[in-house]
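Start from the sequences and build out the full structure, keeping to the hints where you can.
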Amino acid sequence: MFAYIIKRLLYAVPIALAVTLVAFLLVHIAPGDALNAIAPADAPAETIAALKAAYGLDRPLPVQYGLWLGRALQGDLGASIASGRSVTSEVMAAVGNTLSLAGVAAVIGVLAGCVLGGIAGYRHGGWVDRIATFISVIGVSVPHYWLGLVLTIVFSITLGWLPAMGAGPEGGWFLDGAHLPYIVLPALTMAVVPMGILTRTVRAVVVDILAQDFVQALRAKGLGNRRIFRHVAKNAAPTVLAVAGLQLGYLMGGSILIETVFAWPGTGFLLNTAIFQRDLPLLQGTLLVLCLFFVLLNLLVDIAQPFIDPRMRRT
Amino acid sequence: MSLALDAGSTPATLPAQRSRGYWSRVLRRLSRDPVTLACAAILLLILLAAVFAPLIAPADPFKGSMIKRLQPIGAEGFLLGTDELGRDMLTRLIYGGRQSLLMGVLPVVLAFGIGTTIGVIAGYVGGRVNMVIMRTLDVFYAFPSVLLAVAISGALGAGLNNCLLALTLVFVPQVTRVAESVTTQVRQLDYIEAARMSGAGPWMIVREQVLGNVLGPIFVYSTGLISVCMILASGLSFLGLGVKPPEPEWGLMLNTLRPAIFQNPLVAALPGAMIFITSICFNLLADGIRSAMDIRS
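In the order they appear, the protein sequences are chains A and B. Heads up, the first sequence is in this note's numbering, so the first residue is 804 and it goes up one at a time. Heads up, the second sequence is in this note's numbering, so the first residue is 352 and it goes up one at a time.
These are computed hints drawn from the structure, not numbers from a lab. One thing to keep in mind: the hints can contain errors.
Stated by the list, open to error - Going by beta-carbon spacing under 8 Å, a handful of chain B positions derived as facing chain A:
| id | residue |
| --- | --- |
| 1 | L457 |
| 2 | A502 |
| 3 | G505 |
What the hints assert, rightly or not - Rough simulated footprint, nothing fancy, chain B against chain A, three-plus residues with beta-carbon under 8 Å:
| id | segment |
| --- | --- |
| 4 | 1073 to 1079 |
| 5 | 1088 to 1095 |
Beta carbons are placed, not taken as given, at the ideal position from N, Cα and C, and that holds for glycine.
What follows is the structure, given as structure tokens:
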């Protein structure tokens, strides 16, 4: 098992490096000059050259990448071209807000998905199953940015129950009474997709397990439904964990749409600003942090597997 | 049946006959599935409306009227109301299907072609080639798909072509992975070995023996991606990274109508409803095709 964990850790290193390379190159394939955002179009050539030297843009690409990577490893992602502030501090503040939102959404989505999928799997083929399956199809088919607007129309504009914009006072989100109402609509909207995916997964896994011989044997032994459920849950856990664990990463990476709808001050909002102001260091930095987070999450899910699945410990 | 007869007559007849029987069985099963048929009919209707938009749309999609902005649904002369610039909503929803369907379907078709090619090569050749291709793809798997699409089209700049490119790049690794895994399975089967022993070259084996057996699963997987692609494509337009105004496209319309949710929420929600209907139909259609093609059930 230790060999497996070490192997998995070592395997994550080249992936993480490749991610930094893609994040770096992606903004360099962009047409136009990185300095367009700050230098006026008619600036004299010397000014442009001086600015390029100041931002290190006059060096060859591999050198720029090496320098950038070296500084990034020390936690320095450069300064935002548009605002001049440190990218690291901007991204870290935003990551906290996005993580809160995605975390709450993932918990809601995974719980709802497990319950719906579990019931559907147990009542396989019946009308409860059909309703649960239909809900899951809606979950994966609904454009969630539109669902966010619809929920805003119903609960904020028409009923006036919940706030429609922002994360509450002071710009950041914390778990307290003043901030709680602000997360309800965005988190519910975001939870719809993982709910749909988890319902599908859990249903398929439960149907599969219930058809196996050992369940028949447990029934024959005289175990009640509740005791059998424990066995089913244990067998379903590894697959469900693998799918559920990645959902948090998908939600964080995909939060840009929901954050735009609800004006949530997270990484998506930052990405939006960076793209439309052509703020390349900010774009690079945000992209890098989100992707490394996703790589880390993948790693954690894989490492957790042998702990909950004894069958994997033997290999 | 002797071996000489099979090999001597026309080599293509046997697989062709088998697959014709298979496809007619799939079609027969599909025709008995009311949900799938209904979804196909709705999609066909939206597609036909989009293709023949100039003939059936009641108004000009670009011509607005400042005094008739944000008319409610059912207003006189405007069946579904008007948008923030006074343009007829019904007309723009019909025209919007052109770009939205294009952006939802074309990237998946392209990814199907490219991903199948790379995946079959990786799976059939195996060894070091396989390792290089699959490890490269692992890098793309380290990006959540929405983030990758936003990053690529954000870096390239807004526009239909960049958007199509970004979406294709998002789906190629996924299709490739499926293509590689089915090809690797098929490659180890006895009939491939038999074909090789009878002197068939790699190109011949891939064309005659492999493709017929791997295209089905890859196709089923790809149809399931269309719904995701629709949502993602309209999402890019919604962010301002896709089609540019005043072009009618559902995601972009949803974006420009957003401030209107206070005055006229129903009209503002219409473009999103179109995305929803199309995407759920593609999803149910893909499910129907999957279970119809799964002959074991």
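Among the hints numbered above, which are violated by the structure, and what are their numbers in rising order? 1
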